[in-house]
Amino acid sequence: MRFERKITNRGRRGLVAGAALLVLCPLGLAIASRVLSLGGERPPPLLERPAAEHERCIKDTPYMRFHHMDLLKELRDAGVRGGAKREVSLASCKGCHTSRAQFCDRCHDRVNLTPDCFGCHDYQ
Amino acid sequence: MNRRNFLTAAGGTILLGGAGAYGMVLIATPAPGGLMSPRPPSTRRWGMVIDLNKCRPDCTKCLQACRTENNVAFHGDKRWDIHWIRKVTVRSKHSQSSLQRTVLLMCNHCDHPPCAQVCPVQATYKRDDGIVLVDHHRCIGCRYCVMSCPYNARYFNFRENPDWPNRDYPKRSHGVAESCNFCAHLIDRGELPACVTTCQRIGVGAIAVGDLNDPQSEVSRLIDESAPKRIREDLGTEPKVYYVGL
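As they're listed, the protein sequences go chains A and B.
Numbers 1 to 124, taken from the numbering used here, label the letters of the first sequence in order.
Numbers 1 to 246, taken from the numbering used here, label the letters of the second sequence in order.
Cβ-to-Cβ under 10 Å is the rule here; a few derived chain A residues that face chain B:
#1 K73
#2 D77
#3 R81
#4 K85
#5 R86
#6 G119
#7 D122
#8 Q124
Below, simulated DMTMM-like cross-link-like pairs (lysine to aspartate or glutamate); rule was C-alpha separation at most 25 Å, straight line:
#9 A:K94 <-> B:D135
#10 B:K126 <-> A:D77
#11 B:K87 <-> B:D58
#12 A:K85 <-> B:D168
No lab work stands behind these hints: they were computed from the structure.
Because the structure is a prediction, the values reported are computed rather than measured.
Note that beta-carbon positions come from the ideal geometry of N, C-alpha and C, so glycine has one too.
The following block holds chain A by itself, in its conformation from the complex (with noise of 0.2 Å):
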């Protein structure tokens, strides 16, 4: 008898104030919001799509998305520090995606991000 415990009214009051924590704290609100579909999701960033002749880019669209910021790293390494000729670099994208502010931006932008790239490269 010494270990059981009864739900006194005090621990109802502190169940009752550890819900209303959780759903006032971010996270909570995140998850709120998201099962009771206040407000909904953000639309994805438009993004300017190449012209027709362009479709094709170095690689996939999956692997672009995510992981370009790898991928020019790499290509400036190799031409920067390996002496490789520059035949694709951050010049090279202007070919097909030519604003900045509608394609490069866009996502930056939404995940709040601003890459150093920009400050000496020029891409407008």
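Since the structure of chain A is already known, use the hints to place chain B on it.
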């Protein structure tokens, strides 16, 4: 076929193949009137010869051309200004002599570059063809290279450069060191550096850039003919900028 014959034949094949490959490179980069070397890129050694007898004391065309080509920052304040080429007047130490010379000073692209030796992150490095470069992605801005350069050729970007005249060439963000790179991006395309082009265009032709390893090149010919001097040869850094008439 014994071992000796086999090796001779194999060596000959490799030599022929190599010659063929180099021939293709030569045809692929004709660059009329530009910069050419018959040697494969990694065995070249770019150097510069400046004829101070031709260089006019009042002319700063090469400095301006360098600034425009390479987006070299000019704030109008000597604390922040960056100079890839400087023009200084030197006088003879002997008080009787009134000898004066206007000398172009820039990165000497040393064969043993102190800047590259002291760089803690190996951002400054020497390419196979002898050009000393800064990898600005890697530079942490410690300014050790600025301290170590015996020619005071290194500058530090204390401020962001407000101008960007040549959009095809990157500028440098604040917090990195920089110096002349012999216009490596132009040399790789088979073109002459901006200062050399400008000096030739205005009809002075005081600066020459070429392959020191190629005995037929203009710089090799000038060095053979006029026995030029280098600055602070005693330091053993083996600079590759030669001065005629210093």
